[in-house]
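Residue numbers (the working numbering), protein chains in the order written: chain A, 47 to 321; chain B, 47 to 321; chain C, 47 to 321.
One should not assume that every hint holds.
Copies of the same chain look alike in the list, so a pair counts if it works inside one copy or between any two.
With a straight-line Cα cutoff of 30 Å, these simulated BS3-like cross-link-like pairs (lysine-lysine) come out [unchecked claim]:
id, residue 1, residue 2
1, Lys-95, Lys-266
2, Lys-95, Lys-222
3, Lys-303, Lys-95
4, Lys-261, Lys-66
For the record, the hints were derived by calculation from the structure and aren't laboratory data.
Since this is a predicted model, take the numbers as computed values, not measurements.
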Amino acid sequence: MIVLIMKNQILGLLSDFGTKDGYVAAMKGVIYEISSAITIVDISHDIDKQDVRHGAFVLATAAPFFPDETVFVCVVDPGVGTIRKGIVVEGKEHLYVGPDNGILMLAAEHEGIQHVYEITNRKYMRHEISATFHGRDIFAPVAAYLATGTCPEEIGKEIFDYIVLSWTKVEIKNKKISGGVLHVDGFGNIITNITLDDLKQEGIEFGDVLNVQIKEQVNKIAFYETYGKTQPGEFLGLIGSTGFFELAINQSNAAHKLDVSTGDIITISRNMLSP
Amino acid sequence: MIVLIMKNQILGLLSDFGTKDGYVAAMKGVIYEISSAITIVDISHDIDKQDVRHGAFVLATAAPFFPDETVFVCVVDPGVGTIRKGIVVEGKEHLYVGPDNGILMLAAEHEGIQHVYEITNRKYMRHEISATFHGRDIFAPVAAYLATGTCPEEIGKEIFDYIVLSWTKVEIKNKKISGGVLHVDGFGNIITNITLDDLKQEGIEFGDVLNVQIKEQVNKIAFYETYGKTQPGEFLGLIGSTGFFELAINQSNAAHKLDVSTGDIITISRNMLSP
Amino acid sequence: MIVLIMKNQILGLLSDFGTKDGYVAAMKGVIYEISSAITIVDISHDIDKQDVRHGAFVLATAAPFFPDETVFVCVVDPGVGTIRKGIVVEGKEHLYVGPDNGILMLAAEHEGIQHVYEITNRKYMRHEISATFHGRDIFAPVAAYLATGTCPEEIGKEIFDYIVLSWTKVEIKNKKISGGVLHVDGFGNIITNITLDDLKQEGIEFGDVLNVQIKEQVNKIAFYETYGKTQPGEFLGLIGSTGFFELAINQSNAAHKLDVSTGDIITISRNMLSP
Chain A
47 MIVLIMKNQI LGLLSDFGTK DGYVAAMKGV IYEISSAITI VDISHDIDKQ DVRHGAFVLA
107 TAAPFFPDET VFVCVVDPGV GTIRKGIVVE GKEHLYVGPD NGILMLAAEH EGIQHVYEIT
167 NRKYMRHEIS ATFHGRDIFA PVAAYLATGT CPEEIGKEIF DYIVLSWTKV EIKNKKISGG
227 VLHVDGFGNI ITNITLDDLK QEGIEFGDVL NVQIKEQVNK IAFYETYGKT QPGEFLGLIG
287 STGFFELAIN QSNAAHKLDV STGDIITISR NMLSP
Chain B
47 MIVLIMKNQI LGLLSDFGTK DGYVAAMKGV IYEISSAITI VDISHDIDKQ DVRHGAFVLA
107 TAAPFFPDET VFVCVVDPGV GTIRKGIVVE GKEHLYVGPD NGILMLAAEH EGIQHVYEIT
167 NRKYMRHEIS ATFHGRDIFA PVAAYLATGT CPEEIGKEIF DYIVLSWTKV EIKNKKISGG
227 VLHVDGFGNI ITNITLDDLK QEGIEFGDVL NVQIKEQVNK IAFYETYGKT QPGEFLGLIG
287 STGFFELAIN QSNAAHKLDV STGDIITISR NMLSP
Chain C
47 MIVLIMKNQI LGLLSDFGTK DGYVAAMKGV IYEISSAITI VDISHDIDKQ DVRHGAFVLA
107 TAAPFFPDET VFVCVVDPGV GTIRKGIVVE GKEHLYVGPD NGILMLAAEH EGIQHVYEIT
167 NRKYMRHEIS ATFHGRDIFA PVAAYLATGT CPEEIGKEIF DYIVLSWTKV EIKNKKISGG
227 VLHVDGFGNI ITNITLDDLK QEGIEFGDVL NVQIKEQVNK IAFYETYGKT QPGEFLGLIG
287 STGFFELAIN QSNAAHKLDV STGDIITISR NMLSP
């Protein structure tokens, strides 16, 4: 008896192209032309236009859950047509392909960067290369060749001066923890870069009331394990599914209510009212 | 000669996660990690946030057309983090996985519910389970294991006290048929729960003029087989592709014009002007 | 040793159904019911409602990049329920399935039309055919049968009186080139039907300044190879990834700034200031 275990090669696509144009489909066509056996997965195509940080965050929340050897192509590329490089990043588990503007690096650093290669080998690009759509003409074919077994070293020479985005650092002083808003998600949840460890360091525990300052405004918000401790419409702080401290409203939109957006600074301390 | 017939296992995904975050992709990663040979199909991720009825309706309009043994995972889950159960529903043709809030039941009842199981077996969940994202940590892996051959009984014990949504019932008296608006679709078509049989019972036939009352307003609208009987911009009633009575405007948006939304009551009677 | 080369049959889907309903998924269910081994690719489902030209343009920008024998189903169908025909177009490389309203023809003419068949053979349709959703009941199953090897001639008889959309023609006189706006993309780039050859004919070269007239307004805009020659916020003309002359703003939205939409006339001439 022959038992056939199918193992499909997964290729994830992320872009700011939206869904009203043929750009994403053109990239998929190029990939299938190289191998129709690749399984293409849309990570998101609704990244805010040219917003490299938005793309980097979404990629970093999804990539860790994918099988080893998944190849991700990410095209948020305000620098297309300038001298910015195209790169392949070899992480411990996955491969990442895209422009050298930092979009790949939040996810790649999370798992550990092994090597970064500049894309230079014309053999793995389309014949004609447009000035404006490297996603279709360079990144998609490079990713498809990687997915079908081409070694990253084949794509170009290793480089060490790649770009990494800087993010607001978490600082703790005078019993105040301050961090940055990494992302506001579609539910209006405000995701910061503050971790449970940061909170524990200041003695903050589930059930405590927090003073949460954003811009000039201070709100008293309780810190709970889960939405189930609150009523619909009630604010809470919690550790979200990305492992970071989030502000949310049960069944409503916290970012609208607090007028918060990505990049804002948030400062937290334990309120005296805490049990 | 060896002829190889590929039969891929289909897994349908529905959520209110939208497409600007990494949540849907994280679920897909979890599924592919279990088996990269599963074919994942997006049913919709643009269900109105927390709107269980919207999700239930969209699932019910799509599921009947899928092959037997398709597994559907549906995550519209305002109760995540409360004591609401997670369930697997075994219908006559398909399997459904999601929260026990009724979202699965419109589709499942349509084909016939065989068994409902509470999801309790940790073996089929992710190791770490977040308080806020059971779609990724429980429902996605359970569905992937079901798609690769795990029996539903393995997931947990059978239950009988699952939640079913109640929908406005169609009532017929004094020659008036009243029902509810199940859904307003993207074209602005107003889909009710009134069927052709209900209309026939009151002697209504294609070509008739109907008095259609919504809130305080009564409109005279002709009942036709198809858009082809009207001019662009003209109202009509028809039996839509879901088998229900719909109000529409040829090439325009009826819901905007009549200011109707899901849950509104609609009352129909045959107008004396009918031929 | 047995080496197994998988070659999946690709089927592209384009519609104006949006992503909040179950319509697209119902079509996918019908396709998988016929063969679960087909790889379905979403081209776009966010075509402007009933906008056949939008659909035709998006299809034409994506189709050329897909493997030979890819089958495309395109459902932007304001005429559903009238006497408009359903057709299969056999191009030199791909097959196209949809309503006979011109949506398929921009892509098909580009590669060369071999034959056009009217869809009449009930054997390849669903049993029950709704009056309003031929995408699900006729086009999806026809496409799935074509993808699994059915010959186009099986679907119905060849016809020659199919519909082709007319597009604004490029005209050159008195050193002015006038054309039409084919499409405004999600970035706000204004894509015209003027080609590099048209520009060359009037002696226009990269680096020149152009007088660009839209409606009553004339703007001076430089013509460059690529965004890299401009600063963020600066206008430019360039040859875009579709091979046509585009107006754009580096990292911003040109269509909003110039208040341009599809179908507008654009007139270009070489400005005296050009180097």
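Structure-based check of each hint:
no. : hint             : verdict
1   : Lys-95 x Lys-266 : between (34 Å within a copy, 26 Å between copies)
2   : Lys-95 x Lys-222 : neither (34 Å within a copy, 34 Å between copies)
3   : Lys-303 x Lys-95 : both (24 Å within a copy, 16 Å between copies)
4   : Lys-261 x Lys-66 : between (36 Å within a copy, 25 Å between copies)
When held up to the earlier numbered hints, the structure conflicts with hint 2 and nothing else.
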